[in-house]
Amino acid sequence: MRLLLVEDEKKLSDLVARALRAERYAVDVADDGQRGWELADSYNYDLIILDLMLPALSGEEVLRRIRRKNQQVPILILTARDATEDKVHNFEAGADDYLTKPFAFAELIMRVKALLRRGPVTRASVLRVADLEVDRFSQQVRRGGRRIELTPKEYALLEYLAANPGRVFSRTMIIEHVWDQSFEGLTNIVDVYVRHLRSKVDDPFPVKLIRTVRGVGYGLGESSER
Amino acid sequence: MNTRSLSFRLVAWYAGVLTVVFVLLGSLTFLFLRHYLEANLLDIQARRARQIADTLVAHARRDSEDAMRSQVENLYSPEVNDRFIRITRADDALVYASGAPKDGGFDPSQVPLPAAVPAGDSPRTVRRAGGGGLLIASVTATAADGTRYRVEVGTSGVAAADTLTQVLVMLAVGLPVAVAVAVAGGFVLVRRALEPVERITAKAEAITQHNLSERLPVVNSGDEIERLSLALNHMIARLEEAMRGSKQFVADASHELRTPLTVMRGELESLAQDSQLGRETRETLGSVLEEVERLGEIVESLFALSRLDAGEANAEWVRFDLAELAATTAEQMSLLAEDKHVSVDCDSTPGVTVEGDRARLKQVIVNLLDNAIKYTPSGGRVRLSVRREGRFALLDVADDGIGIPAEALPHVFKRFFRVDTSRSREQGGAGLGLAIVKSICSAHGAEVEVLSTPGRGSRFRVRQPLAGESAAAG
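Just so you know, the sequences run in chain order W and S. Under our numbering, the residues of the first sequence are numbered 1 to 226, in order. Under our numbering, the residues of the second sequence are numbered 1 to 474, in order.
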């Protein structure tokens, strides 16, 4: 899989490229709009990550040119602007997804993966992490064969964590996916739910599955890194 | 009528000054006229007395006084002409005195003699009871035989008094009329001159931070009022520029902060998950990350506020039931309250339809509830209610928490304001939650107010027009 990253902030592009390479993607980096357009024009990328504020050629213009020329290539927009009108405008111009700075890198990786799969994502109906089973159809949770009763919100939180075992999600990310945007800034609600979830999923068992990484967030199962 | 208004005061002053000037002028005219009339009459009497003295008395002798008497009678017939003529010798012996005048204006026998024999001509006025007076001029003359006589000629001042009365009546009637006309004219004039001021005032009151692009009406009259409205318009333009500058600054600043925050967070997150690091290092990294996250939240809040300021809130307006939204939000937040052993009661009857940005109004409820839960001690109660009141939807969030001191109440909706720095910092947040509530409410034409008793609890109330009403108004 070959990805193009068009981002003029050197540090940010280094960081994103590193995170993507860690996921075994090949990444080309362009640090201005002109170079980005030339690269996009010459290779068939599997995905393009495009910053909107670019020197030489604006992100909007690059987006328009790529779409005029072809293309089925998924485009993920990175921007510091998140007014709804901007969003609508860019989706109309052909963006496939939209990520507002500052974003968590876990979120970026997830969006990239989702876009690369394209179409309806084939999702396993039963998620397994160690001896934990989350059945997405019946919304039932078992651990070591024992049934665990969860409230709908607890279930949604557990399913979100279980879908990406080993990955750590920031509380803001969890809020956005399990609750909705109006809870932004109310990250302590996540702590409360995780505590409740722990008491049901971890406390009765010797092996603890829910991990806390201070300052980063929560994850399920062993770290996938190293 | 407003007695402190400029037009009233101008006209009152104007009328006052005008009255004083008129009264002064009238009095002066009256006094001068009286003096002139009396002097003139006395002058005539004096000339006549001199005439009698020169033509009759000078040629008379003591023994021809009878002839002198009849001559005076024939030549001057004082009774018919309402005149007073009296001739006396120097020793006060009466030689001749005219009879009662035809009009009975005075009684000659009652006229007293001059106190001392005057050296030469001497005018005097004899006042009588009942008004009016006798103007008398007296001269001395020496007869052919050396006898000294005094000739007194007088006339009643009635004619002069009549003229003066007429003048007085004219002044008494004319003055109020003149003042009334002047006041009426002045009032119309002042009204016309100040009418643009009324319009400028009305317009200036309608201008708020949301419609600073509007300007005051300017009348091309070339007067002070045109200069005033131009000066005010320039001031509004400078205000608009300053407001735009500060909004742009907040937007730019939060925008510029986002990229470095992303980089910081990314770098730190990947470091924090490195299992090779020592526990202490990871704790430190975690602490730094928590602060980075808080910084990010502040930047997001500022950005949200600047967008609300710019009026982008109406992008996603829909009609929805505020009561239902309040109930589901309270339900979603109940666990947060439970965790603190605070109960949340929601009392709302469905059917309170409002119009607005649902996500933003939900944020209002979330922020108010979060606030109430935060400042209510364990075992306390938070009550949320939504109901209709007339043409408004009332959303009420009350707690029995620690309350807000009276001196802090007017400031709770200001940005970065905290009642108690140490208390809020430990609870998290940067003092932007209520500022966001206020901004969202303003964008929805809603009002938010707070009542609080320290130690007893606080009550936040949002008053928003119901959907039908706001649609009709828009």
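Honestly, the hints are just simulated from the structure, not real lab data. Hints are supplied without guarantee of correctness; some may be wrong.
Listed next, the in silico SDA-like pairs over lysine to any residue satisfying Cα-Cα at most 20 Å (straight line) [said to hold, decoys possible]:
1) S:Lys340 / W:Thr151
2) S:Lys340 / W:Arg198
3) W:Lys10 / W:Ile109
4) W:Lys11 / S:Ser270
Here are the in silico distance ranges between beta carbons for each label pair [what the hints assert, rightly or not]:
5) W:Arg195 / S:Val318: 30 to 38 Å
6) W:Arg195 / S:Thr328: 21 to 29 Å
7) W:Lys11 / S:Lys247: 22 to 30 Å
8) S:Gly455 / W:Lys11: 26 to 34 Å
Which chain W residues stay away from chain S? Per the calculated CB distances, all over 10 Å, these [stated by the list, open to error]:
9) Arg24
10) Ala93
11) Thr187
12) Ile189
Even for Gly, the Cβ is constructed at its ideal location relative to N, Cα and C.
Checklist entry - Against the structure shown, which of the earlier numbered hints fail to hold, in ascending order? => result Violated: hints 8, 11, 12.
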